[in-house]
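Protein chains: 2
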Amino acid sequence: MTTARFASLTPLLAPRSVAILGASSDPTRIGGRPIATMLKRGFAGRIMPVNPNRSEIQGLPAYASLADLPERPDVAVVAVSPTQAVAAMAELGAMGVKAVIMFTAGFTEIDPTGVGPESQAQDEMLATAQAHGMRLLGPNCLGVFNDHIGFYATFSASMEAGFPPKGRIGIASQSGAFGSHLFSVARNRGIGTPLMVTTGNEADVTIGDVIGWMAEDPETDVIATYAEGIRHADSLLEALAAARAARKPVVMMKVGRSVIGRSAARSHTASLTGDDAVTDAVLAEFGVVRARSTDELVDIAVMATRRIYPVGNTLGVITLSGGAGVLISDVAEQLDFPLPPMPERAQAMLKGLVPFCAPRNPVDCTAQVFNDTTLIGRFTESMVAEGGYSSVLGFFTQAGGAKSMAAKMRQELRAVRERHPDRLYVMSVIADAEVTREYEQDGFLVMEDPTRAVVALHAMGRFGEAFAASPPSAPPIVPSVALPDATPNEAEAKRLLAEAGIAVVPEAACGDVEQAVEAARGFGFPVVMKILSPDILHKSEIGGVLVGVRDEAGVREGFATLMARAPEGARVDGVLVARQVSGVECILGIARDPVFGPVAAFGLGGIFVEILQDVVVRRCPFGVLEAEAMIRSIKGAPLLLGARGRQAVDIAALATMLARLSVFAHQAGPRLAAIDLNPVFATPTGAFAADAVLEIVNAD
Amino acid sequence: MTTARFASLTPLLAPRSVAILGASSDPTRIGGRPIATMLKRGFAGRIMPVNPNRSEIQGLPAYASLADLPERPDVAVVAVSPTQAVAAMAELGAMGVKAVIMFTAGFTEIDPTGVGPESQAQDEMLATAQAHGMRLLGPNCLGVFNDHIGFYATFSASMEAGFPPKGRIGIASQSGAFGSHLFSVARNRGIGTPLMVTTGNEADVTIGDVIGWMAEDPETDVIATYAEGIRHADSLLEALAAARAARKPVVMMKVGRSVIGRSAARSHTASLTGDDAVTDAVLAEFGVVRARSTDELVDIAVMATRRIYPVGNTLGVITLSGGAGVLISDVAEQLDFPLPPMPERAQAMLKGLVPFCAPRNPVDCTAQVFNDTTLIGRFTESMVAEGGYSSVLGFFTQAGGAKSMAAKMRQELRAVRERHPDRLYVMSVIADAEVTREYEQDGFLVMEDPTRAVVALHAMGRFGEAFAASPPSAPPIVPSVALPDATPNEAEAKRLLAEAGIAVVPEAACGDVEQAVEAARGFGFPVVMKILSPDILHKSEIGGVLVGVRDEAGVREGFATLMARAPEGARVDGVLVARQVSGVECILGIARDPVFGPVAAFGLGGIFVEILQDVVVRRCPFGVLEAEAMIRSIKGAPLLLGARGRQAVDIAALATMLARLSVFAHQAGPRLAAIDLNPVFATPTGAFAADAVLEIVNAD
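If you read the protein sequences in the order shown, they are chains A and B. Quick note, the first sequence lines up with residues -5 to 694 if you use the working numbering. Quick note, the second sequence lines up with residues -5 to 694 if you use the working numbering.
Watch out, some of these pointers could steer you wrong.
Which copy is meant is left open, so a pair is good if it fits within one copy or across any two.
Straight-line Cα separation of at most 16 angstroms, EDC-like style, residue types lysine to aspartate or glutamate; simulated pairs [claimed, not checked]:
(1) Lys397 x Glu154
(2) Lys345 x Asp105
(3) Lys629 x Asp608
(4) Lys160 x Asp215
(5) Lys34 x Glu85
(6) Lys345 x Asp529
(7) Lys397 x Asp141
(8) Lys629 x Asp366
(9) Lys34 x Glu154
(10) Lys397 x Glu493
(11) Lys629 x Glu579
(12) Lys34 x Glu232
(13) Lys34 x Asp20
(14) Lys397 x Glu327
(15) Lys397 x Glu85
Quick caveat, the hints were computed from the structure, so don't treat them as lab data.
Given the sequences, and given the hints that come with them, work out the whole structure.
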């Protein structure tokens, strides 16, 4: 199953012919290296060097210009000056070439203004590509390799130290340097990454597109990726959905942080999220595992090629020495990776085998193993069959790596694995290359550092959960609301939200003091009074909110006070009188992420959000189940769930409000800049917004 | 400078002669391996095998019994049955042998009750050792090696794969398996750990003793240690102080968590700390860096052998490619490791050299370096001389590892290092063993993974800060207070604390309702009323606290209510009436750690402590400066410091209260089980304890 969006990358990544603009006879130069490397690796297709000054390059016939080519290439590699590159794009488009890999630099990456001539040149190339249905990789990229067909359209020198071994990991990296680094680290560990794509400036082709192509590529099982920023939401979301549907794990190193964008940053909630938090939430939504280091990225990718992704992952640890398991338990606990105990009956059986063993988990079969290696097999069999662990980590350190011992242990362990091939088995041993290879031939992963082993095993379970997850719940149906032309006052904002089914505290907008007195009488005292003005977004900062107003005299006095506190020149529409509700204060908000559009945020009120940054975000829209999961995920959630004798609030009402808000924001379109419901009172009998700011981008 | 405490380990770790009880002719057996290994490595001293059945073992004369030995050995290795081991201890003690290394297992480690015959046997051996001034390593330990003198009193098989290279790292590990693992990992990386001590059951010699000996050992510069639990506070504290004074970094992997101890766990505060938090605080106090994995432990230890420990550590990053620095910046930011920008003038100079370079930091000198390698030298020189970075990380990946490139880069970088030898230089390159060795010969550390490089560089600054730190401030002088025989009521607890200069909310203990009315009138309304009983520790849980009592009628009604709420059988001394103070609610507490004695805890009130576990702990006593640092370290500290327009509280008063409390607890001795001041109101004009529980261990 392929989609048009991602299939359009096939000429880039698996072409049958390639032209090299700026081809060089020098195999170390940027225009010479791809030719030399493809010749060395035996590219199956035709290589057509283009160079006005030579008739032959590296033993191949060279062509003076694109017009002289004997056939239309599937892809053109461009390694000429920026000016020539722009011209070449037009020529390639006119010829009907479908893909361009552009090494040439000197575009947006050297123009901090974003509007200088360099950026304009890049925009022009993109426009040319789009006009001709041509995909453009780069500019300023290190290119591509696809070792399956010997295609090496890259000037990376990293192949000098060796080509990738066979394997099923694809690398998608914005940064060429990091992509090469990753490839080199993997190759030196004997790990195959036959496909590498670097996207550089991403004028057209993004990391998302590449992930999508790999999700559909039958030669790729695991996608390892590096990104500094996400440029297009649609392709990334579609790609991650495709990868998940194909049960292909994506492990990503996402680096770099920046402000969420000028418009969104104006809103209170947005200032607390930042786009990295949004990206993080999106990646989590699709089961992408974020790696924190190169080692972790490689470890997880390699383990994932086993294609065992447990659901309800549990860890069983077996050692030859009691203490060793403690370290592993600590790491697992920190990751919330369960280490359930062995069943009582199995524990008794193991005690029967070795009286001083520790049979619980971590299981210590003690140094008795040196006298009787069959114990390793019997203990491990019991852990797998009776303990039911999906992940088994043997911490055997140098004993397990010693040649004589390793041979006997392998024999025992291999039999267990053959009976239970659906589990993950990792040997934490210190072994030379030969012993390591022998373990790996028997289907065991060898990882010297037990901490790294636990982290990678845990990631397999996260993939498993993502692949097994039910589809997200349907977002609630919310009536469409017409946004006003400009930011409305609080009463109007609440009216719009109420139309969308978002409960607000009972209240009335009052134009004069008599209306206010009457409204207060209707609600019953005490009441809250707030100044009503479209020009005042944060009322409490000017003293525009009075709480605990106890009687009619208080209402009259309060009305006068609020009028007096209005800043010079602010439009004042009167006063809002509301029933005074109490409950756990929450904040629900919407900010607009420049990439992912409206994003909902949830946190507890006041200090929780402001100081502790205990906030969760998710892109809109989403359903009630997802909203409830968000609410339960914050650190302060016990406050809502009834900690220490408190009464639990109505989580369902709060989740419904959050889900409805997400749909409201999604439907409202890009003119909705932000929503800030602060506070929302979560009570045992419902959730009510007590204040609402709805920020609109002016229509002009 | 040596101390008696640690010098007593010299016969264990650097003996001139050794007897082996249970010596074996088989070099793979527990009693044979030490002899075989020492013979192979050429132990300088005399080896005396003891075995009743043989006259010669592995080519050495063997002795039938201890009585037959030709001289008194400095140390005896015991590898016999548990029963024989107990007897041997008595015999060795009587002979005046000063040190025993006991491999024999079957003592406390197999007795979960702690009082069974196995534990009794171990206690007996300890008593024998103490009676004769003999140090006992183990039992159930893997032994010791000291490669400087070829002393290998260990049955670890890990030397089969090679002896340690020369080096200056000592390993102190409770776990024999982990110690061997660490040694093997280090050796395989070419790192020298000539000294390894494993402590096993720690009947006598603890990790602290070993750290102390290494702190005084002229052959050791860096101490790498692994501990599951700390058994004796005194030796550890003295050892860590000695290591810090000798500017020897200690890097520790401390694993395992357990409850803080039965008595302390009864107290509210203790339940939130746990002994791992206490250990963590003690380690931090002495500048010990805790490693989270074996890799990290080895990385930090190796880098520390350079003996460059910057104060005010800053990181300068240089790359050949823009993107690569982002990953490093992320890691550094997460560690709070500053990456200050280059000075403007230096940036302009670098821009002059390479127009499209990124001169800020991370500094990207671009692929121009491939055309002109002198750029590496000029850029790095500018970073060191003008940027002033104490740590320099070059992320050069496979380019920096390529043979041709590496030679040219080394030449440039070596010149910089020779001019500025006081900085730390790390090359993140992918290089083979030869290129790596060449870099290292020039004084550069090679670390493939940049994340690991940043973590290790950061640790060097933490050592630097610890070595440069001023001595702790003197704890305040607090009058000694005589503890009552049993847990006092609240009023009495407060009186005791007030004697120690700990401010409490103005209040009066009232035996009847008329006294209560009078007291309330004196304080002015509103007041707080609390039930007064030594039997009720947590009053609010039974509704025993009334706040906001507004008038005399309220006092009368409240008195009756509180009397009615007292549980059946509780002694009730009346009611406490207090002025109602408001401020930021804090909790100050004391718990008793079974190892480190009284420990003070500080946190913000209510949810902060209970749900967010935002608590800081420190062993008692300490001064006001340390108390203030604790207060400022919690996540919620901005609430005290005047966040978002709030008024700042009187931090000095709060710190003084915390420091005084720590001295009070220290002076009170072991009968003080716990103190719980909850809440303490921190106000802009002082801090006042509004409730106090002082838990005493009954004198009987």
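Would you pick out the hints that fail for this structure and give their numbers low to high?
-> 5, 6, 7, 8, 10, 12, 14 and 15
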